[in-house]
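Q: Here the protein sequences come in this chain order: E and A. Sequence positions in the first sequence follow this note's numbering and run 7 to 265. Sequence positions in the second sequence follow this note's numbering and run 18 to 283.
The hints are simulated quantities; they were obtained by calculation from the structure and are not laboratory data. Hints may contain errors.
As the list claims (entries may be wrong) - If the Cβ cut is set under 10 Å, some of the chain E residues that face chain A in the computed set are: (1) A17; (2) N19; (3) K20; (4) V21.
What the hints assert, rightly or not - Where chain A lies over chain E, by a calculated footprint (3+ residues, C-beta under 8 Å): (5) 145 to 156; (6) 166 to 172; (7) 175 to 183.
Claimed, not checked - On the chain E side, residues computed to face chain A include the following (Cβ under 10 Å): (8) R193; (9) W208; (10) G210; (11) T212; (12) A213.
A virtual CB, placed ideally from N, CA and C, is assigned to each residue, including glycine.
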Amino acid sequence: MVKFYCGNSRAINKVLSILCGLVLWHYLATVIVADTAFLVSPLAVVSKAYEMLFLTGELYPHLFASSWVFLYGYLLSIVVGVPLGFLMAFSPAVRDYVHPWMTTLYTTPRIAFAPVLLLWLGIGAGSKVAIVFLGCVFPILINSYYGMRVVDREFVELARSLRLTRLALFRKILLPASLPFILSGLRLALGRGLTGVAIAEWFGATAGLGYLVYFAGQTLNVPVLFVGVTAFGLMGIIGFEILRKIEDLATPWKTSHPR
Amino acid sequence: MAPSILELKNLSREVKGRNGEPFVIFRDINLSVRDGEFVSIVGPSGCGKTTMLRVINGLIPPSTGQIVVDGREQSGTGGDLLMGFVFQGAALLPWRTSLNNVLLGLEGRGKNPSEARDLARKYLDLVGLAGFEQHYPHELSGGMQQRVNLARALAIEPKILLMDEPFAALDAQTRSFMQLELLRIWSQTKKTVIFVTHMIAEAILLSDRVVVFSHRPGTIREEFRVPLPRPRDMEVKSDRRFVDLENTLWKLIEEEVKAAGGFARL
Ligand SMILES: Nc1ncnc2c1ncn2[C@@H]1O[C@H](COP(=O)(O)OP(=O)(O)O)[C@@H](O)[C@H]1O
Ligand SMILES: [Mg+2]
């Protein structure tokens, strides 16, 4: 029974769930609301998306702009967040210096930073990447720090008992042990990063999905609005799937567990 | 009389207690262990047995005293790899297979990889895990995990094996099998073993000598030579001498526990 459930039927359930959602959406849009100024059917969204992708091609610049901003901000937070989290775990001094900033910046709503960053960095790419960066870096930083801190003490004793070098301790024990935590930080950062893209592009952008959604909202272009929202959703799903693949590759000892 | 391979001289360890005054975990340990000898340390839990093994292995420094191996004083985690530590929890890395867990202590020691792998295989065979090289720890039973733990300590080919209650977490039946396995492995490898346990029968079955620790602060209360011939099997447990020694040891530990304020204080 369990085995059966773990097999194809899990994929089937996922597809069924999505289909049910779409049918419900369609029903809501065409029967309950029945006003295309508020809500359009998924069919209308698909046909609009088709038009924007294959007929006019106007969606591409927005997709590229948003992906670019997201990737730069996200990668920058990994490059900064992971090593800084490790340093915090290893050095009480670094921890003391970073901690107050981390808690303040992490808990302040990022939307409050957006105008400030725009003021400082202008409406170019810099401010947008900075907004995404501010959204992503803290979950990555905190999880990298925490992952290092909670490594089983017995593993560290083992390394010392086997007289491993500090580098070997880091490479062979601390890093793999904290990897699952880092990956879950990356997952948290994904959603926050996409939110950051939307926020950044709401303020003085000329392209991007956030701009598209904002502009469509202002002009009451409901189909385009939903195309933008759906594109954000798809970017999130793609990101999640990529991270899942990475997790499967990086933690092979877990793949024999049912998910 | 064979020369002693391990000598503990006046060893003690204290830490800062709760109110800032020193808290002595164990003190005045003087022990001399012959090459190839199997010595057990028994004592009630919390008497400092694990801490003493960690001090002997150089993982934490002693407060006073010396550890001398083969005539050379040891300090910290520098120097050669002379001791293998078998941990109470198996301490296996979940992301490494059995083989790679055993290899951990062999990597980066100037051995070529295939040589190291042969060595790791040899010790997995010795502990009875041939065929389980590619299994991850979560795919192994508790007893098998302790076998990997033991193989990892043996694979670095240490002079001395330090074992910290390796069978304490196993069910009674598996524990008995593992005791017999350890007897076999010990007779095949001729290692010097310091074996910590709180189980009296286990100590007698395995050892040449049993050292009884007192309750807090831990110190050597008395030593006993085990007057039983080898090779041994489970039948020695009904031998008169085994039963007598077991009773003597039990009385001694009971006294220790009473002196410490009764069983509830354990
Ligand atoms: N770093 C430490 N600081 C304070 N107390 C400690 C420390 N390490 C061990 N102890 C105490 O020393 C005693 C002995 O611990 P342990 O060596 O684990 O005993 P055993 O292995 O015999 O059960 C325990 O009461 C423990 O709480
Ligand atoms: Mg202990």
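Q: Are any of the numbered hints broken by this structure? If so, which, sorted upward?
A: Going through the list in order, the structure violates hints 1, 2, 3, 4, 5, 8, 9, 10, 11, 12 and respects the others.
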